[in-house]
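Colleague: Listed here are the chains, written in short residue letters.
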Amino acid sequence: MSLDSKSAAPAHPAPGHQRRSALGSVLKLRELPVILALVILVTVTAALNPLFLSEQGIKDLLLNATILMILAVGQTLVIITRNIDLSVGSILGLVAFGTGSVFVAAPNLPIIAVFGIGILFGAVLGAVNGLLITVAKVPALVITLGTLYIFRGINNAWAGGTQYFAGDRPEAFGNLSVDTILGFPVITLIAVVVVAIVAVYMLGTRPGRDLYAIGSDPEAARLFGIPVTRRVLMAFVVNGALAGLAGVLYASRFNSVGATTGSGLELDVVAAAVVGGVAIFGGSGTVVGAAIGALLLTTITSALTALRVDKFWQQAIVGILILAAVVIDRIAGVRAARKLRIAEARNV
Amino acid sequence: MTASPGSTRPGTEKRQKPGRRGAADTSTVLAVPKGRTGAARILLGRDAVMIYVLLVVVLYACIVIPRFASPVTVGFLLLDVIPTLLIALPMTLVIISGEIDLSVASIAGLTSALMGVLWQGGMPIALVLVICVLAGLVAGAFNGVLIAYLGLPSLAVTIGTLALFRGLALVVIGDNAVANFPPGLTAFFTSKIGGTGIPTVMVGVVVLIVAFAIVLHFTPFGRGLFALGYSKEAATFVGIDVARSKFLLYLATGTVSALAGIYWTLRYSSARSDNASGLELAVIAAVLLGGVSIFGGKGSIPGVLAGVLLIGTINYALKLDRVSEVVLIIVTGSLLIISVVAPNVAAAIKQARHSRRVRSAPLP
Amino acid sequence: GGGAASEGGDSEGGSGSDGEQTITFIPKQLNNPYTDVVLGGGEDGATEAGFASSEVVGPLDASASSQVSFINAETQRGTNVIVIAANDPDAVGPALEEARTAGAKIVAFDSDTNPDYRDLFVSQVNAKDVALIQLELISEQIGGEGEIAILSATANATNQNEWIKFMEEELASNPDYANIELVAKVYGDDDDTKSFQEAQGLLQAYPDLKGIISPTTVGIAATARYLSTSEYKGKVALTGLGLPNEMRPFVKDGTVSEFALWDPAQLGYVAAFAGKALADGTITGEVGDTFEAGELGEREIGDGGIVLVGPPTQFNAENIDDYDF
Amino acid sequence: MTHLDGRESGATDPNAPVRRSVLTLRGALKTFGPVVALADGTIDLVAGEIHALVGENGAGKSTLVKILAGVHQPDAGEFSVDGQAVSFRNVADSKAAGISVIYQEPTLFPDLTVAENIFIGRQPKGRFGLISRAEMRRRAKDLFDQLGVPIDPDRVAEGLSIADQQIIEIAKAISLDARVLVMDEPTAALSGVEVERLFAVARRLRDAGSGILFISHRFDEVFGLCDRITVMRDGTYIATHETPAMTVEAIVREMVGRDIDALFPKSETERGDVVLRVSGLTRPGVFHDIDFEVRAGEIVALSGLVGAGRTEVARAVFGIDRYESGTVEMLGQKLRSKDPRASIDAGIGFVPEDRRKQGLVMELSVERNAALTLRHSLAKFGLISTRAEREAAETWGKRLQVKSSSPEHPVSTLSGGNQQKVVLAKWLATDPKLLIIDEPTRGIDVGTKSEVHRLISELAGRGIAILMISSELPEVLGMADRVLVMREGRITGRLDRSEATAETVMHAATAALESSR
Ligand SMILES: Nc1ncnc2c1ncn2[C@@H]1O[C@H](COP(=O)(O)OP(=O)(O)OP(=O)(O)O)[C@@H](O)[C@H]1O
Ligand SMILES: Nc1ncnc2c1ncn2[C@@H]1O[C@H](COP(=O)(O)OP(=O)(O)OP(=O)(O)O)[C@@H](O)[C@H]1O
Ligand SMILES: [Mg+2]
Ligand SMILES: [Mg+2]
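Chains as they are written, first to last, in our numbering: chain A, 442 to 789; chain F, 618 to 981; chain E, -11 to 313; chain G, 4 to 520.
These are computed hints drawn from the structure, not numbers from a lab. Be aware that a few hints might be false.
Claimed, not checked - Partial chain G-side listing against chain A, Cβ under 8 Å, derived:
# : residue
1 : K98
2 : P113
3 : L115
4 : E119
5 : I123
6 : G124
7 : L133
8 : I134
9 : E296
Yeah, the Cβ is synthetic: ideal placement off N, Cα and C, and Gly gets one too.
Model the full assembly from the supplied sequences, consistent with the hints where possible.
Modeller: Next up, the structure:
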């Protein structure tokens, strides 16, 4: 072949647009729609019902979101690797009941130790999921649907009719979800710190980026030498640990923990991640987005109540919100793809 | 053309070094290159395992649990599993085509709510039923448009419609419950065929089962579903209309979910917004237990039938034995996990044994 | 607890012949503290009344249809007496019919079924009394005027709905309550989290709310928890039906001043004796029939086939430590 | 069938290393269940050489590569790096040993940016030990400058053409500064220019002391680039030769164990009536005003540089993609846009360029794949039977000599060439009037290649109209009755067989382009 001039390679765009303006990158954020939705929702509601943004109102909004936020962050790790964990509700239930039991068995245990035990317990349950999935190489949806039942069954067998109430736990522990620092409830601050740590990890470390690569194409990741098994296992363990943390916080905030604590939570958690722009088939999305998704989902319920919207409409509206999030994400994706194509076509 | 011998047939190769046992094994395995067809294929396949497990469980229950072996069992058991059984049929096709539908139970609930309101509003029951089925069709079409034509991920979409349809059910009927359906009709839905114990409605269910089995296993459309479950792109290249196929499947899930909703309402003679809630996970568990691959492309109706009946049987047997539902939950979860883990473990053991044998063979 | 009791199901009982009578309790939902107390009384009653075996079976979720297959299985086992707290008055109907056809006696307790489907209903107390007590308590606590709301269990709960109906009627007709306005009814589905958030929503949507009535043990405890952790503690009154053990901390910290409940154990106890009398044929469930309910003495079947157990007790800071359930 | 024992035909002895061996594999065995993919994998790579590995489809080349890469663990055999015996448990081990691999199938992460794709797992770190994106972008740009291709490092990999994907793979591999670089058919998707650039890079790496293992089915590349050649057949090592001592014929004989027929067995055929007529076909930004016709018995080649838009035209004609204006007529009937089913019914068959993603359903059995195009015609009363499928599949499998252990096995267990045969079989089974073949011999060995060419000629001889897209100039010149040349989405040259030469085709594909700049 006789061609050697560089200009003969026609299909590539000129790399002229590398420096992007700050505004441009904000506008390109995947999380932008959900942030906008949240801002609009809060503004409109507050305008109609000032109580919504009273000190107590804000505190309630944040408290409501806290547990779902932590769960959504964990779930995001797992979803990004093209897996899913449906058992989080059951893990949360087990750990919450476990927390209740620990306080009853050892009332003088330092609170921090109880957190440690809860997180560890969750991590172990997450590891059960992760090991089954990675070692036996079976789909996460099937395994975690299985453990959703099994963990719940164990919780039922363990707890029976026993429930532990807020009164069974030290007051300092319950106060974590009452006291505030700078207007933020303590447990919400814990959640925010968790989100921040995981976000940095996902964005700026190699193992974090590996998770995206794995979700983007698991087979390629294996061929490329990314330790897929270890990373996916880690994602499940972390998710379990976060569900464990959420379980401890649940015990701090709510009154009773027992056999059914946390049931049915799994779909809410996945919905929060989806609303926050996490692609359900892995490879893209951020934990910050998922956290905001969780905040939006819990806020919308409060907002509708505050606006005295007929309660029968509330669930339908949540459904529409989820669908809207999916559609918007899609439109954004299509537009990005079209832009790429146009950029290339011009360059032909 | 004179073909060069395939690397997969080393036994015929003159250059093949003798005494390598792995290779020798291979040639004997490959001495039957013809595939299996018909009955043999079904009886030895993955689906068959579930059928055998079902048979064993039924037998065991008959021996161990007093009164289990009776027509009464058949009746109560079938009445319990019919909603799962119904929805599992289209769900099988949906999952084989590589999608999922989490909104089925909500569609059933919406149908139930609608039925209650319309009947209470004084509409003739026949018309109520027709409208309810149409409502299911519309709900399915809504899913179908979003998933098939707008190309949105089904897991995300149906989590949304799971909430939406259940919400609409609440909007429709609120916190009311309607119970005064025509006694003849509700009685029909719990009636049995003679002394067999088989519920009369099973006749209709069987017709649906046969229809879905034929569509999936013996029609060009069904062949297309398997192909597109594995690879939508490749399916497009052989002229399969991916969007249309998927749309039709969601119509089917919508409609059958409506039927399940109607059954539910009339069997329990109670129309409420929360009817059948949580059924979606039970259906999916049964379908997956029946050997359908969650990634699409693999599965069969006989396998799914076995999966549904297996859970149903264990459920009823445990109840009859007054064993707590806790056990059922744990058993269901474990079965689900075992059903996917076991084949992989078996394959791994086989491969490990094979490798060990090959490795231990003396090298030339 | 109830869960453990249901495990021992391998007993060969239930043939139903020759006085070897069997009784099975089907609560709304297993693993619920209130239910456990009720069933505890039921077990005692069954033993004292002379049943050969007594069992507890039931669903883990309180949905309308979940009890049906348990009734079916009991029918097939030939259980003589089925005691049930219905999640839905009608959904269990056809199954109960079948059980009766097969010879079983049906006693409803705690939450009634449609009267066509049972032989009698053992009610905690006169529905109207329960409703009125709660109204009295809230009126007292808010000083006789202001907005109140109700946080109930599920939207279909038979017993709660009946009480709410009486409350609404009384509010409309009794001049003492003229200044009290019922502004909302919400449902926590007997789920701790849901009830908690419904309570929170109420306070946000109705800034002038003075008091909440929660006629369900789960609801009142969850609401109390929310109030005690928020700025509304001590400002918004709360009453309703609660378990003393669950409510103790909230009474002590001033969130709740007074609430009510009957003794749940008596409910199960009486139901067991009623079942025995039905099975023996000493009563048929007619109005006016009487039977002996062990240490609680004679009971009479009232209008609508209802047996009353006893008056509700009111719990407050003074007496709450005297009770343990 | 003749079998030549390769070891006798002037082979160098691999056991007597001339220079320092960086990598030696001897007697490697790899089985997958009943399939013996590699019976005797042997290779000896020395520092500072480019070493070709050749063999027919299914000879076990890629399997050998995956053993070197640590993807597969051999069942038997000796493996040493730098004289030290090694056994890799996974890819990471292989990487740590300095082996860098470009696989036959591109392994990019579609959601990640191009830069991140190159540096995944070893991203440059900046402050606080966190990844520095700026640095990563800069290095990626350096690499592309080196390769002379302007790919935007910040775009996501999703939607890149196969050629661009391959270039990123190459960038990734060379950025590793590995001592051993293994390239499994890196040029299959590349055009002449890019191939030349790749070769320049490869030579530079060799001169810097790396050992390079190069796999290709194109002999001009093998002979033009490589210092030594190792031949494999049927999973077994045959021989290693110094390149200058060898001829194409000798290599081919070793590869297939016999003499093969001439490539391009073109036979003159009668041209019949117009079968396909495309007029004014336009999709803005992709192709414009495409007019051409294909007659019965005629082979029309669509030539041009990679990215000229040939595939897009073919997809539009077949109905996979929509077009904005223009018409496609099949036997006088206008075809609807975006309706492949109608195209199939009208008698068009389409062998797409990406056989793994488009041509086949990889996990489906061989027979199901072969019968997929026939699902409607095999059905009786709307019902289809496995037996009918099997028979149809077997008929065509035999005709095309598809090598598979069982028709029930997934088609993914076949080698690349045999997969391509299954694709051809499934379309031939539909008895098409027009066959569109995109890159008919991509990744196909010489033996099969000549077979495919003979088949195409034979089909044309039977009156089937053939539209062939090919990036291989010799194939185009050897096979076509007429050549259409595309450039930047337009047809810039229409050449009869008599006029078509390497110069005229290349001129049409590039000349105008140069004058416009
Ligand atoms: N994972 C697998 N499972 C079963 N068989 C396999 C697998 N991978 C490869 N094979 C078989 O091993 C043999 C060698 O395949 P391989 O891909 O190494 O050939 P190749 O020389 O690279 O061919 P090509 O030139 O077509 O790429 C083939 O017969 C193939 O079918
Ligand atoms: N998926 C895609 N997304 C965006 N642009 C694409 C895509 N596929 C192809 N293109 C662009 O469309 C144009 C035509 O590409 P096409 O693949 O048709 O070229 P071709 O001539 O068939 O080359 P090849 O030899 O690769 O088959 C090119 O500019 C290419 O970059
Ligand atoms: Mg290969
Ligand atoms: Mg192309």
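Colleague: For each hint, tell me whether it holds in the structure or not.
Modeller: Comparing the hints with the structure gives:
no.: 1; hint: K98; result: holds, 5 Å
no.: 2; hint: P113; result: holds, 6 Å
no.: 3; hint: L115; result: holds, 6 Å
no.: 4; hint: E119; result: holds, 7 Å
no.: 5; hint: I123; result: holds, 5 Å
no.: 6; hint: G124; result: holds, 6 Å
no.: 7; hint: L133; result: holds, 3 Å
no.: 8; hint: I134; result: holds, 5 Å
no.: 9; hint: E296; result: violated, 26 Å
Violated hint for the displayed structure: number 9, the only one.
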